[in-house]
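Protein chains in written order, with the numbering used here: chain P, 1330 to 1862; chain D, 20 to 266; chain H, 5 to 104.
Be careful, since some hints might not be right.
Which chain D residues face chain P? A few, computed with CB under 10 Å, are given here [claimed, not checked]:
{"no.": "1", "residue": "Val79"}
{"no.": "2", "residue": "Met90"}
{"no.": "3", "residue": "Pro100"}
{"no.": "4", "residue": "Ile154"}
{"no.": "5", "residue": "Ala157"}
{"no.": "6", "residue": "Leu160"}
{"no.": "7", "residue": "Gly161"}
{"no.": "8", "residue": "Tyr167"}
{"no.": "9", "residue": "Trp168"}
{"no.": "10", "residue": "Asp169"}
{"no.": "11", "residue": "Gly178"}
{"no.": "12", "residue": "Pro179"}
{"no.": "13", "residue": "Glu184"}
{"no.": "14", "residue": "Gly185"}
{"no.": "15", "residue": "Ala206"}
Think of the hints as simulated: they come from the structure by calculation, not from any bench. Idealized CB from N, CA, C, for every residue including glycine.
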Amino acid sequence: METLNYLNNGHGLASWLLTRDHKRIALLYLASITGFFFLGGLFAFMIRLELLTPAGDVMSSDTYNKMFTMHGVVMVFFFLIPSIPAVLGNFLIPIMIGAKDLAFPRINLLSWYIYVLGGIFTLVAALSGGVDTGWTFYTPYSTAAANSHVITAALGIFITGFSSILTGLNFIVTVHRMRAPGLTWFRLPLFVWSMYATSLVMILGTPVIAITVLLVAAERVLHMGIFDPALGGDPILFQHLFWFYSHPAVYIMILPAMGVISEIVQAFSRKNIFGYSFVAFSSLAIAIIGFLVWGHHLFVSGQSVYAGMIFSILSYLVAIPSAIKVFNWTATIYKGSVSLDSPMLYAFGFLGLFTIGGLTGLFLAAMGLDIHVHDTYFVVAHFHYIMVGGAIMGYLGGLHYWWPKISGRLYSEPWAKFAALMVFVGFNLTFFPQFVAGYLGMPRRYHAYPDEFQVLNVASTLGASILSVGYVLPMVYFTWSLFKGAPSPSDPWGAQGLEWEIPSPPPTENFHVTPIVTHGTHQYAPSKEVGIV
Amino acid sequence: MSEGHWSEHYPGPTHQPPVHVDRVHAGGPDVAQHPKLQHHFDDMGQQAEASTLGMWVFLVTEIMFFGGLFMCYLVYRTASPEGFAEASHHLNVFWGAANTIVLIVSSLTMALAVRAAQTSAPPKTQVFWIAATMILGAAFLGVKAIEYWDKFTHHLVPGPNFVWEGKHPAAAEMFYSLYFCMTGLHALHMVIGLVIMTVVGIMAWRRQFDENYYTPVEVSGLYWHFVDIVWIFLFPLLYLIGGHVGA
Amino acid sequence: MSAGHVAPKRMYYLVFAALIVGTILTYAAARVDMGPLNNIVMLAIASAKATLVILFFMHVRWSTRLTWVVAMSGFFWLLILFGIGMSDYLTRGWVQGTLR
């Protein structure tokens, strides 16, 4: 007879769709996010298909514009931003702090419904003809010239923004007010620190894009000339408001992944993190400084040169806490007892690819260089290295690491290693050629290009095909594990943390008795060789 | 539940006295079986604190939401200060000031409604203050309707029907775009506030609030005061610019 | 229950009176032409009124430091948007020979 856990505690659709259990809500998000991921991937496939040949022969330029717009909108707003927070954050935060649920379980469920509603609006926009403005919706094209589905898509983003806000609100209140006795801030797992920092960004940034897309809609419908120069408006004001959120948004995407990596690196090096408080504070520093750099997206827009200089130096500053994390992770692995299980493979991939992505960001933060590579594939490669090489690898690593806890089953480790390898190889083959192409001048968002870039584009499309296999494989073996996987013990990895001390899968209330915490949740044995604790 | 031995997996002693507990209870009674206590909270104090903190975090998002509009205002007013001043003169300062007073009174009645619940005042007292707040809120919206109607009849609604006879027509149209967006968004928040107060009023009528549990009143009060604060800034920025204000 | 503290009704009436006085002051100041000082006075009075509402009507005076930090952070973040955003608009044309 199966023990009662959150998965079998209540059957039927209603028990899932009306649940207040943060773990079930996490799975609701997992299902919808995965759906959107593959939708965004479909748009990517269309892009790469067109770019196989220099001529724009697969689709018209208008259609191509819709492809890259929908790819961006879906991936950014409906996959990357919610992914780790809504799936792993929702599932793990209460458990990691010794609580029975988040502070506001009903608001948690509401946030999922809001997410789905926003997604429906965006799907409607896609199905009724799509949007062709780019995910950045620059005015005056988006307000005056583009086709009318802009409003539907903008509303979809507006609605989904509330999901983000409610999630962040829930996390902040939970971490402040629901930690178990004895669980002081500096005993928290680093994943919780990074989720807290992410929540700060969600709260402070998302409302600004909310009002901005509302103004775009108002301008389209009511002809109020806020951003349209023909009506007396300022298009650069749109860019300021848009990027005030959208730059911190990229930190919403990467901070959670960094938290996952902190957890994985400790578990699979059997060592406490090197410099815990530096890593903890660096999450906060990234969140805060990340709000001060948005103008680096406006270097060539008409923004003043002096403001550009300010934004440039601040952008260099924001790299420092990220670098601190990379150094500390490396120092943690050094002289640790490293096992190369699949989560750790993703963590290693993250370390290398995030470093490349981050460093190329510094290329872009230099105004002189940005003038040449702005709007080229160099930029595209940079952000894909961070968002795919960084954030998605963090997401996949986290899914693998915590899958036994979430599902109570063990997945096939050989297949997982193979998939990780496919992802790594496929990713680099897809995006490294794009650095070269961009540096050599190939512009982004063009469906046709000069012949000399074809080899690079073919390599990129080939890489994307391999990458997609790497992404499909986990779907297969995770699903397989649900039916045929060996049952997982509480702690299959021999890792530490409150989540590994409860059964896999956990009971609905997580803890029958509130734990009392008497030391930091990670206490791997000190490394004797060099006395590193 | 037979998994009672989860505690065996727990590292270290679990029976030592807890180290410093970071959670502050501001005097909430530990009525463990209060009907409104949700299962994931330890006591009513923790639940109330979480709710209040949650509303404050939400209000921060509202500050940033309105803030985007204030940024637009800042940019365009800096670009055309005289145009904005000229446009502002057509707004009726009397109605604006009256509305400001109305909202301030409504904040007072709201604060007294919270206090009534907090001191276990009889339900009809609580309902009285809540109703007073709502009536004042409705009055505010009535005045706004009058003002909007006035703008409509004087062709001051931006768009194809906008007509301006002064020296700075472009700036005037921008001013009125912002006027409608900012006061419109504010009015929408007032409407939502009225809906919330209706619900809270019904709960008060049903004797649900006393000193042990009045969180919904407190939390809606926070929302209401915030909407008042937005207007406190909107009034001078929209109605009183341009130095010398004519009658 | 963030206050637990019950303020006397008199305090609410006093704050109310102060807010009304502030409104009258704002209107009076607007009728006098003080040049650029008008804006500063206007914003100062509005900020003072907002502070009174936050501290007393919204009970922040008796709330935890966390509540105070949360409330302040919202306004502070707005200043970041305004300040750094305006750093663009106010420095346009500072570089000779460029439009920006």
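Here's how the hints hold up against the structure:
1. Val79: holds, 6 Å
2. Met90: OK, holds: Met90 of chain D within 10 Å of chain P, min 7 Å.
3. Pro100: violated, 15 Å
4. Ile154: Violated. Min distance 30 Å.
5. Ala157: Check failed: Cβ of Ala157 of chain D comes no nearer than 25 Å to chain P, outside 10 Å.
6. Leu160: Hint on Leu160 of chain D: violated, closest Cβ of chain P at ~20 Å, above 10 Å.
7. Gly161: violated, 23 Å
8. Tyr167: Check failed: Cβ of Tyr167 of chain D comes no nearer than 13 Å to chain P, outside 10 Å.
9. Trp168: Result: violated, 17 Å to nearest chain P Cβ.
10. Asp169: Violated - the Cβ of Asp169 of chain D stays beyond 10 Å from chain P, reaching only about 18 Å at its closest.
11. Gly178: holds, 4 Å
12. Pro179: holds, 7 Å
13. Glu184: violated, 17 Å
14. Gly185: violated, 15 Å
15. Ala206: At 14 Å from the nearest chain P Cβ, Ala206 of chain D fails the 10 Å test, so the hint is violated.
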